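J.: Here is how the chains run, residue by residue.
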Amino acid sequence: MEEMETYGVPANAPAIRIPTLQDTQLDPLQFAQSTCFPAGHLVTKNAGWRQVRPVIDPTACTACLQCYLYCPDGTIRKTHADPVDSTQAAVFVDLDFCKGCGICKRVCKFDAIKMVPESEVD
Amino acid sequence: MASRRFLSGDEACAEGVRLARPHVVSAYPITPQTVVVERLSEMVERGDLNAEYVHVESEHSALCCAMGASCTGARTFTATSSQGLLYMAEVLSYAAGGRFPIVMMNANRATALPWNIYGDQRDSLALLDHGWIQAYVLDNQEALDMMLMAYAIAEDPRISTPFMVNLDGFAITHTYETVEIPSQEQADEFLPPYETANRFDFENPVNMGYSAGPEYNRYYKYCAHKAMKAAESVIEETEERFAQVFGRKYPGMVEAYRCDDADYVLVTLGSIAGLARSVVDARRAEGQKVGLLRIRYMRPFPYARVAAALEGAKAFGVLEKDISFGAEGTVFTNVNSALQRAGFVMPSLNFVGGLGGDDISEADIDGMFEALASRAAGEKTCEQVVFLGVDAPWMAGKEA
Amino acid sequence: MAVNAKNVTDDEFFFGHKACAGCGGSLVVRQALKVLGPNAVSALPAGCMSAVGFNFPQLCFANNSVITPFAATAAVLTGIEAGLRAQGKKPDDCTVVGFAGDGGTADIGLQALSGAIDRNDDVLYICYDNEAYMNTGIQKSSLTPFGAKTTTTPAGSNVHGCLTEKKNLFEIVAAHGIPYAATASVGYIQDFMRKVEKAKSIKGTKFIHIIAPCPTGWGCAVDDTIDIAKEIVDCGLWFLAEYEGGSFKLNRDPKQFQTDSTQWGSVEHYLRRQGRFKSLTEDEVQAVVEGRDATWERLRALAGC
Chain A
61 MEEMETYGVP
71 ANAPAIRIPT
81 LQDTQLDPLQ
91 FAQSTCFPAG
101 HLVTKNAGWR
111 QVRPVIDPTA
121 CTACLQCYLY
131 CPDGTIRKTH
141 ADPVDSTQAA
151 VFVDLDFCKG
161 CGICKRVCKF
171 DAIKMVPESE
181 VD
Chain B
539 MASRRFLSGD
549 EACAEGVRLA
559 RPHVVSAYPI
569 TPQTVVVERL
579 SEMVERGDLN
589 AEYVHVESEH
599 SALCCAMGAS
609 CTGARTFTAT
619 SSQGLLYMAE
629 VLSYAAGGRF
639 PIVMMNANRA
649 TALPWNIYGD
659 QRDSLALLDH
669 GWIQAYVLDN
679 QEALDMMLMA
689 YAIAEDPRIS
699 TPFMVNLDGF
709 AITHTYETVE
719 IPSQEQADEF
729 LPPYETANRF
739 DFENPVNMGY
749 SAGPEYNRYY
759 KYCAHKAMKA
769 AESVIEETEE
779 RFAQVFGRKY
789 PGMVEAYRCD
799 DADYVLVTLG
809 SIAGLARSVV
819 DARRAEGQKV
829 GLLRIRYMRP
839 FPYARVAAAL
849 EGAKAFGVLE
859 KDISFGAEGT
869 VFTNVNSALQ
879 RAGFVMPSLN
889 FVGGLGGDDI
899 SEADIDGMFE
909 ALASRAAGEK
919 TCEQVVFLGV
929 DAPWMAGKEA
Chain C
2 MAVNAKNVTD
12 DEFFFGHKAC
22 AGCGGSLVVR
32 QALKVLGPNA
42 VSALPAGCMS
52 AVGFNFPQLC
62 FANNSVITPF
72 AATAAVLTGI
82 EAGLRAQGKK
92 PDDCTVVGFA
102 GDGGTADIGL
112 QALSGAIDRN
122 DDVLYICYDN
132 EAYMNTGIQK
142 SSLTPFGAKT
152 TTTPAGSNVH
162 GCLTEKKNLF
172 EIVAAHGIPY
182 AATASVGYIQ
192 DFMRKVEKAK
202 SIKGTKFIHI
212 IAPCPTGWGC
222 AVDDTIDIAK
232 EIVDCGLWFL
242 AEYEGGSFKL
252 NRDPKQFQTD
262 STQWGSVEHY
272 LRRQGRFKSL
282 TEDEVQAVVE
292 GRDATWERLR
302 ALAGC
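Protein chains in written order, with the numbering used here: chain A, 61 to 182; chain B, 539 to 938; chain C, 2 to 306.
Here chain A stands alone, though its shape is the one from the complex (with noise of 0.2 Å):
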């Protein structure tokens, strides 16, 4: 099955088990033989239902990943970054799902994370 690409994920983000947009051709005369098919298959983001989306201060973020731990969607992961580099936090956000409710920015307590308008966004 192809997948498409996504958006706001690092290309050096680690492969993990996670359900991924796919591209295939449906023929509902096979699929339809069952209510039984292949695990973790997406046909849409969620990115649209955001009116603003989470940035990350890399400077401020101390990796202590309560971000990560309380984001109901998962789409904030970890870019296993090293935590002495201050140019990249411990986290990235993935843009295509991510839809924006701000829980991340509230249990942080080191103010890394900002909610910006996507109108300001490019």
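By construction, these hints were calculated from the structure, which means they are not laboratory data. This one's a predicted model, so the numbers in the text were calculated from it and none came from an experiment. There are no misleading hints in this set.
With a straight-line Cα cutoff of 20 Å, these simulated DMTMM-like cross-link-like pairs (lysine to aspartate or glutamate) come out:
| id | chain 1 | residue 1 | chain 2 | residue 2 |
| --- | --- | --- | --- | --- |
| 1 | B | K827 | B | E908 |
| 2 | B | K827 | B | D798 |
| 3 | C | K7 | A | D142 |
| 4 | B | K787 | B | E775 |
| 5 | C | K199 | C | E245 |
| 6 | B | K852 | B | E921 |
| 7 | B | K827 | B | D801 |
| 8 | C | K256 | C | E291 |
| 9 | A | K105 | C | D12 |
| 10 | A | K169 | C | D224 |
| 11 | B | K764 | A | D87 |
| 12 | A | K138 | C | D11 |
| 13 | C | K90 | B | E741 |
| 14 | B | K827 | B | D799 |
| 15 | C | K19 | B | E753 |
| 16 | C | K250 | C | D235 |
| 17 | A | K105 | A | E178 |
| 18 | A | K169 | C | D228 |
| 19 | A | K174 | C | D228 |
| 20 | C | K7 | A | D145 |
| 21 | B | K759 | A | D87 |
| 22 | B | K759 | B | E770 |
| 23 | C | K168 | C | E291 |
| 24 | C | K19 | A | D156 |
| 25 | B | K852 | B | E824 |
| 26 | B | K764 | B | D667 |
| 27 | A | K169 | C | D235 |
| 28 | C | K90 | B | E733 |
| 29 | B | K852 | B | D799 |
| 30 | A | K174 | C | D224 |
| 31 | A | K138 | C | D12 |
| 32 | B | K852 | B | E908 |
| 33 | A | K105 | B | E753 |
| 34 | A | K169 | C | D192 |
| 35 | A | K165 | C | D228 |
| 36 | C | K90 | B | D739 |
| 37 | A | K165 | C | D224 |
With the hints as your guide, set chains B and C onto chain A.
T.: Only chains B and C this time, still in chain A's reference frame:
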């Protein structure tokens, strides 16, 4: 080594299930099915049946547990009757739509209200639309044999549909007959292990039992319908194979007895066909051309075979142990559709009898042929949908 | 070492779903599956999580998963576990886990749950409690708390919302003599994850009841979920506890609850920040406070504190 034993229908069913080697048995007791589940638990205890026996706390859970096991690719069995069948009705549709080849024994029993534990066929006939293959057995041998055939048909990858085997409550379930019990070797030769892609897989995980909206939903229904239609030929192939392994040949989706040149044919389901056959023989001995058509499979419905058996008759009657209130008996409805499709038109009567375990006698059946002859001659001697023991004139004196 | 943010797997088994922004329930499923690993087999009844996670062709579980009939989560779990074991196909690290809502557990699903515990089937049952039938539009369940406005307990001039107390589901389950039961909150997610990890290592039936706020149904901002889920614990209207080996244990036993009703951590502050409790009078809030105190007296007695 095959053996012969004197068994009740419930016991014969349990032997058939044992030979089919289910992985999981989950069932809830209800009269008159209880002996099936009791015998199965004894077999598990003795080590004759190597299955997980789950003591579920309701019929709804019984079928859901079987379905959960089927999701793992396990062969599963459950059994119920009447109120229990209705309680799990939601799950019938669920299992059929999920294409799980679960086999269920149903002891045909009247449904409340009023309460009644005796045999009639309203329970399963009311649920024909839920996507299960439905067979109705004649006797205890067929009950045993049908357990093996049911798995073979249900699990066929072209079919992948759950299968309900119906035994008349008490008339079959609690009546004793000599039955041949095949050997496990024969059963294994006939019924291979269950293989399917419709199951969980740890190498390539799947999501099962999902929702499908308006864009796709109809395709699932279409595929399920087509698969059940395809069961017609698989049933015949399976009976052919069964005959080769066990030496007993079953007659296909219908059993036509002396119908070829019959003027009047009685159509029925289940054990009452045995008695009806005696009446046919008695009338034939007096030179009357009568026949009996026993429908063995109500789903898929054997339209062509029913029409072929009734072609040329002057009149036919359907004797069934159910009524669809405000309408007619369900078997009558299905048979009439078969004739309509074939372009045959002939007088007909619907004999609704045996409700709540009411006895049907040879004399009662004899009266049905008389009524058919009158109807064919243009005389209306009774209603078209006639209730035996209530408004059947040839049974005058039998009303309460 | 106990599971934590650093050592939990990077895998995401519940992803791409259509839950509301800020959904507490989805966090429950996400973290539980991360702790349980790739060989977990999950079953979900009708409810929010199945509705948002399994709409063909958007299938949001990376592990083996199935939707069950509404009443049947526990029965299907039983069947899955029995089927895997009967065929010798159950990996050592396979947990058969159910995720059902408060309605699907304490109401329509209670019978099947009781049956599974009675049989001590080797399954983990997680109830994500958003305190109403949220998926169908916020109707009252038996876990809806006193005073909550729902679409079937509307707040008007006669009645101000739900008139019944939350059913004591945790104690009902414990009364079966279950090997392990626990309460949790998405506000203390690491505590929940450790309870899932503990449950994974126990044979027999395990049950975790986790409070999972629903911004849509509770009437709060979408980013309030975690804070509210902390406050419900800190003000004592929920509790973190375990039942294991026949004994109760309180994981958190505050010496004193916040008494200043204007402050975070007081019952009044917790109630007043949510739209669903808007109609409560001072007296009704006071009744809730007293109910909390009575509950804690009973819990402390159970836990032998």
